[in-house]
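There are 4 protein chains.
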Amino acid sequence: MGRSVRVTVWNEYRHERSEHHPACKIYPEGIHGAIAKGLRVESDFEVRTATLDEPEHGLTDEVLANTDVLTWWGHAAHGEVRDEIVAKVHQRVLEGMGLIVLHSGHFAKIFRSLMGTTCDLKWREGNDHERLWVVEPGHPITCGLGEYIDMGPEEMYGERFDIPAPETLVFVSWFSGGEIFRSGCCYTRGRGKIFYFRPGHETYPTYYNDDVRRVITNAVRWANPTNGPVPTFGNTQPLEK
Amino acid sequence: MGRSVRVTVWNEYRHERSEHHPACKIYPEGIHGAIAKGLRVESDFEVRTATLDEPEHGLTDEVLANTDVLTWWGHAAHGEVRDEIVAKVHQRVLEGMGLIVLHSGHFAKIFRSLMGTTCDLKWREGNDHERLWVVEPGHPITCGLGEYIDMGPEEMYGERFDIPAPETLVFVSWFSGGEIFRSGCCYTRGRGKIFYFRPGHETYPTYYNDDVRRVITNAVRWANPTNGPVPTFGNTQPLEK
Amino acid sequence: MGRSVRVTVWNEYRHERSEHHPACKIYPEGIHGAIAKGLRVESDFEVRTATLDEPEHGLTDEVLANTDVLTWWGHAAHGEVRDEIVAKVHQRVLEGMGLIVLHSGHFAKIFRSLMGTTCDLKWREGNDHERLWVVEPGHPITCGLGEYIDMGPEEMYGERFDIPAPETLVFVSWFSGGEIFRSGCCYTRGRGKIFYFRPGHETYPTYYNDDVRRVITNAVRWANPTNGPVPTFGNTQPLEK
Amino acid sequence: MGRSVRVTVWNEYRHERSEHHPACKIYPEGIHGAIAKGLRVESDFEVRTATLDEPEHGLTDEVLANTDVLTWWGHAAHGEVRDEIVAKVHQRVLEGMGLIVLHSGHFAKIFRSLMGTTCDLKWREGNDHERLWVVEPGHPITCGLGEYIDMGPEEMYGERFDIPAPETLVFVSWFSGGEIFRSGCCYTRGRGKIFYFRPGHETYPTYYNDDVRRVITNAVRWANPTNGPVPTFGNTQPLEK
Numbered sequence: 058m059g060r061s062v063r064v065t066v067w068n069e070y071r072h073e074r075s076e077h078h079p080a081c082k083i084y085p086e087g088i089h090g091a092i093a094k095g096l097r098v099e100s101d102f103e104v105r106t107a108t109l110d111e112p113e114h115g116l117t118d119e120v121l122a123n124t125d126v127l128t129w130w131g132h133a134a135h136g137e138v139r140d141e142i143v144a145k146v147h148q149r150v151l152e153g154m155g156l157i158v159l160h161s162g163h164f165a166k167i168f169r170s171l172m173g174t175t176c177d178l179k180w181r182e183g184n185d186h187e188r189l190w191v192v193e194p195g196h197p198i199t200c201g202l203g204e205y206i207d208m209g210p211e212e213m214y215g216e217r218f219d220i221p222a223p224e225t226l227v228f229v230s231w232f233s234g235g236e237i238f239r240s241g242c243c244y245t246r247g248r249g250k251i252f253y254f255r256p257g258h259e260t261y262p263t264y265y266n267d268d269v270r271r272v273i274t275n276a277v278r279w280a281n282p283t284n285g286p287v288p289t290f291g292n293t294q295p296l297e298k
Numbered sequence: 058m059g060r061s062v063r064v065t066v067w068n069e070y071r072h073e074r075s076e077h078h079p080a081c082k083i084y085p086e087g088i089h090g091a092i093a094k095g096l097r098v099e100s101d102f103e104v105r106t107a108t109l110d111e112p113e114h115g116l117t118d119e120v121l122a123n124t125d126v127l128t129w130w131g132h133a134a135h136g137e138v139r140d141e142i143v144a145k146v147h148q149r150v151l152e153g154m155g156l157i158v159l160h161s162g163h164f165a166k167i168f169r170s171l172m173g174t175t176c177d178l179k180w181r182e183g184n185d186h187e188r189l190w191v192v193e194p195g196h197p198i199t200c201g202l203g204e205y206i207d208m209g210p211e212e213m214y215g216e217r218f219d220i221p222a223p224e225t226l227v228f229v230s231w232f233s234g235g236e237i238f239r240s241g242c243c244y245t246r247g248r249g250k251i252f253y254f255r256p257g258h259e260t261y262p263t264y265y266n267d268d269v270r271r272v273i274t275n276a277v278r279w280a281n282p283t284n285g286p287v288p289t290f291g292n293t294q295p296l297e298k
Numbered sequence: 058m059g060r061s062v063r064v065t066v067w068n069e070y071r072h073e074r075s076e077h078h079p080a081c082k083i084y085p086e087g088i089h090g091a092i093a094k095g096l097r098v099e100s101d102f103e104v105r106t107a108t109l110d111e112p113e114h115g116l117t118d119e120v121l122a123n124t125d126v127l128t129w130w131g132h133a134a135h136g137e138v139r140d141e142i143v144a145k146v147h148q149r150v151l152e153g154m155g156l157i158v159l160h161s162g163h164f165a166k167i168f169r170s171l172m173g174t175t176c177d178l179k180w181r182e183g184n185d186h187e188r189l190w191v192v193e194p195g196h197p198i199t200c201g202l203g204e205y206i207d208m209g210p211e212e213m214y215g216e217r218f219d220i221p222a223p224e225t226l227v228f229v230s231w232f233s234g235g236e237i238f239r240s241g242c243c244y245t246r247g248r249g250k251i252f253y254f255r256p257g258h259e260t261y262p263t264y265y266n267d268d269v270r271r272v273i274t275n276a277v278r279w280a281n282p283t284n285g286p287v288p289t290f291g292n293t294q295p296l297e298k
Numbered sequence: 058m059g060r061s062v063r064v065t066v067w068n069e070y071r072h073e074r075s076e077h078h079p080a081c082k083i084y085p086e087g088i089h090g091a092i093a094k095g096l097r098v099e100s101d102f103e104v105r106t107a108t109l110d111e112p113e114h115g116l117t118d119e120v121l122a123n124t125d126v127l128t129w130w131g132h133a134a135h136g137e138v139r140d141e142i143v144a145k146v147h148q149r150v151l152e153g154m155g156l157i158v159l160h161s162g163h164f165a166k167i168f169r170s171l172m173g174t175t176c177d178l179k180w181r182e183g184n185d186h187e188r189l190w191v192v193e194p195g196h197p198i199t200c201g202l203g204e205y206i207d208m209g210p211e212e213m214y215g216e217r218f219d220i221p222a223p224e225t226l227v228f229v230s231w232f233s234g235g236e237i238f239r240s241g242c243c244y245t246r247g248r249g250k251i252f253y254f255r256p257g258h259e260t261y262p263t264y265y266n267d268d269v270r271r272v273i274t275n276a277v278r279w280a281n282p283t284n285g286p287v288p289t290f291g292n293t294q295p296l297e298k
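Residue numbers (our numbering), protein chains in the order written: chain L, 58 to 298; chain Z, 58 to 298; chain S, 58 to 298; chain C, 58 to 298.
Honestly, I wouldn't trust all of these hints.
Note that identical chains are pooled: a pair holds if it fits in a single copy or bridges any two copies.
Stated by the list, open to error - Below, a list of computed lysine to any residue pairs in the SDA-like style, where the Cα atoms sit at most 20 Å apart:
id, residue 1, residue 2
1, K166, E141
2, K166, T260
3, K94, R169
4, K94, R63
5, K166, R278
6, K145, K166
7, K145, D219
It is worth saying that the hints were derived from the structure and are not from the lab.
Starting from the given sequences, assemble the full structure and let the hints guide the process.
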């Protein structure tokens with residue numbers, strides 16, 4: 058109430074700078090630019106961006122310490138994200154920073170290390186049509202949506218998605234080619250909340266879609282840290298009776 | 058180990074006795090007959106059947122007391138199942154009896170009273186094609202299956218399915234008409250295990266399908282009561298130190 | 058944001074009107090009075106109360122239609138709550154109204170019908186000391202708390218608590234006599250959120266405790282309906298491709 | 058049915074070889090010796106042991122490939138377990154091998170990497186008395202138990218236990234000094250099942266306790282791989298209609 062939500066939008070930002078890649082035209086200001094623009098509509102959000110090729114990937118200690126919720130898009134260069142930065146982000150999530158993992162971010166080091174699984178899946182580029190069905194209409198991430206999001210053409214992701222069962226499964230995707238996918242998945246790790254959201258291939262204008270923006274905005278609010286207790290660990294005395 | 062699993066296959070058994078109904082030809086021995094036949098292949102299963110129009114719906118105290126796992130198929134006559142029988146079945150589930158709820162059984166009084174929700178859903182008869190994707194390949198109910206069950210034509214059930222989030226979601230269905238459905242759902246209520254399994258419209262030969270039979274057999278084994286503690290309730294003394 | 062949260066505090070209100078009952082002195086304005094007072098501190102809450110002996114138990118259609126979150130305390134007269142009122146409250150929860158069930162409300166018809174289990178437990182009045190440990194410090198219901206709430210003397214509730222496994226287990230109680238209890242339990246049923254919170258025997262001034270008030274306030278915010286989709290059910294057409 | 062369960066009991070095996078350490082007298086054949094003895098009572102278990110100071114920590118490719126369920130006890134030398142062996146064990150769990158993590162194994166590299174959290178907790182050696190309450194009496198791991206296990210004196214572990222919320226919480230411990238602990242926790246990662254079980258400090262004869270042995274035996278049966286589908290990942294063709 059009253060306090061801003063400080064959001065950092067992280068992006069690999071390689072495809073969009075590659076002249077002949079379709080992403081170059083679709084996202085001239087980068088995928089992070091499109092996501093940040095959608096979030097800046099909210100008057101209580103303070104939004105900054107950070108990208109792979111900035112020093113420390115744009116995720117300095119100071120940036121991380123002042124981030125309430127981090128969104129993550131990566132695809133081709135997961136291996137270039139330095140392990141010590143991943144470790145810092147991981148630590149911040151456990152301390153309470155929210156994390157929204159988008160689309161091909163399923164294979165990001167940070168997501169895999171938080172999940173403990175391969176996070177592998179089936180995929181197909183081509184002629185699929187996607188619909189995301191809401192299976193938990195009471196969840197705050199669905200605020201303002203209809204019964205499903207009609208994405209139109211998108212890259213297909215199919216099960217088996219090798220993740221731990223979500224604490225809450227919010228969306229399930231239908232693809233015209235015959236697959237389904239758990240495409241909106243909530244987790245808690247430490248004091249931090251994590252939301253994986255499927256759509257967002259770089260060759261489609263997904264992050265301009267109103268419903269997609271609504272979901273990301275809702276997810277930021279949901280993942281914003283709450284002021285619960287900071288646990289203490291280690292050797293302890295018995296409580297007085 | 059060594060002890061038999063005593064299964065009671067319950068069926069409404071109305072459509073199949075109606076001369077002009079397609080179910081009459083598909084299931085000449087009733088849906089219960091087809092399901093029981095699939096289960097009797099297992100040498101350690103003792104299988105009996107019970108139907109709505111038998112006295113006490115075939116679910117006498119003696120039958121219930123000697124049932125480890127009950128399977129339930131109903132559709133048109135949920136309202137004719139007597140409340141006092143439903144209460145007895147409910148009580149037996151809480152005591153540990155397994156319950157496998159099939160297809161249109163989603164609207165059975167026993168399922169609704171165990172779930173606490175309407176269990177409503179979308180549906181369509183016609184030209185849909187169904188595939189059930191395994192999303193938890195480590196779950197015992199998936200033993201012996203491939204990555205998906207290809208059902209071919211079936212009635213469509215679509216989300217929102219108004220159930221509590223399953224403790225374990227094992228299958229998600231894809232339908233060619235554009236819908237998805239949580240079609241294999243595990244619950245525990247009291248000491249009893251419950252599995253809802255979607256396929257099985259009376260106008261399709263679903264219960265002759267090898268994979269469907271495998272799932273029901275696996276589910277019976279999974280829901281078979283384990284010999285855990287019988288809780289005591291009420292006023293109690295402090296434990297000695 | 059901006060809109061009030063309309064809270065109705067329901068109470069059986071019998072013990073407190075019984076001259077020789079300790080609750081008469083501890084809660085001269087009723088348990089509902091104490092709970093409502095704690096909630097009225099929040100400037101964006103609109104709080105009203107309702108009690109068993111009012112017409113329709115104070116839960117008219119108009120009151121229910123204008124309630125975002127209902128809190129429920131009952132103990133000795135669960136059986137006097139009329140089934141048709143319970144059915145209306147149940148329906149409203151499925152539609153999205155939040156429900157906070159307090160202490161002996163575990164045996165209320167509304168809680169049992171939403172859970173599908175007996176909701177039975179062990180109990181003891183006497184010399185127990187209770188501590189509620191936070192096991193999910195990232196959950197919004199723990200906002201502002203320390204690592205545990207020290208209740209001091211309270212009635213003991215012990216496991217086995219015959220409930221479905223909570224979707225989120227927030228608190229676990231320790232009792233000096235040797236028992237533990239899952240004392241903060243989150244559920245979703247339909248579009249409605251439900252929180253069971255253990256403390257609050259009528260012979261202790263529990264509802265004046267700052268931490269207890271904080272938990273109930275947090276729970277009201279958590280259970281406040283979000284504006285997700287209203288599902289449609291029934292026969293449906295295939296989606297156009 | 059009919060096939061043996063191949064169990065490998067892994068132990069750090071340092072305390073017990075230290076002449077002046079109490080574990081030396083309590084576990085003259087090592088903690089692994091005591092655990093293995095308890096498991097060998099089962100006629101369908103094939104039990105071997107492996108320890109830290111053996112080549113490859115006793116966990117060669119051949120041993121891992123022929124292990125259905127691995128139990129893990131470690132305490133003082135977690136850091137000496139080589140990362141490449143941890144990676145192999147991790148991979149085998151995702152492929153379906155069961156893993157039973159015991160007591161101070163909460164800090165083992167393998168458990169932390171599977172959980173994605175610190176797995177930290179509170180602890181105290183001294184005069185605590187532990188009782189483990191069964192909260193899910195329908196779970197197969199509770200087969201043959203009473204309502205609680207009275208451990209008598211044990212090391213205390215207290216919340217906050219920094220783990221992801223268990224898929225199933227089976228036991229909660231009560232400690233006389235004032236703490237509680239989620240002491241029996243079930244997970245699935247990949248196709249593998251994981252059970253964390255709290256008791257077992259090296260200065261107490263915990264692994265000779267009949268109930269503790271029963272729990273470990275039950276957990277091995279529960280975690281034994283089932284023959285579900287082996288997922289395929291990567292680029293895939295649309296399914297034929």
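Now the hints, each set against the structure:
no.: 1; hint: K166 - E141; verdict: both (11 Å within a copy, 18 Å between copies)
no.: 2; hint: K166 - T260; verdict: neither (23 Å within a copy, 39 Å between copies)
no.: 3; hint: K94 - R169; verdict: neither (28 Å within a copy, 37 Å between copies)
no.: 4; hint: K94 - R63; verdict: within (14 Å within a copy, 34 Å between copies)
no.: 5; hint: K166 - R278; verdict: neither (24 Å within a copy, 33 Å between copies)
no.: 6; hint: K145 - K166; verdict: both (12 Å within a copy, 18 Å between copies)
no.: 7; hint: K145 - D219; verdict: between (24 Å within a copy, 17 Å between copies)
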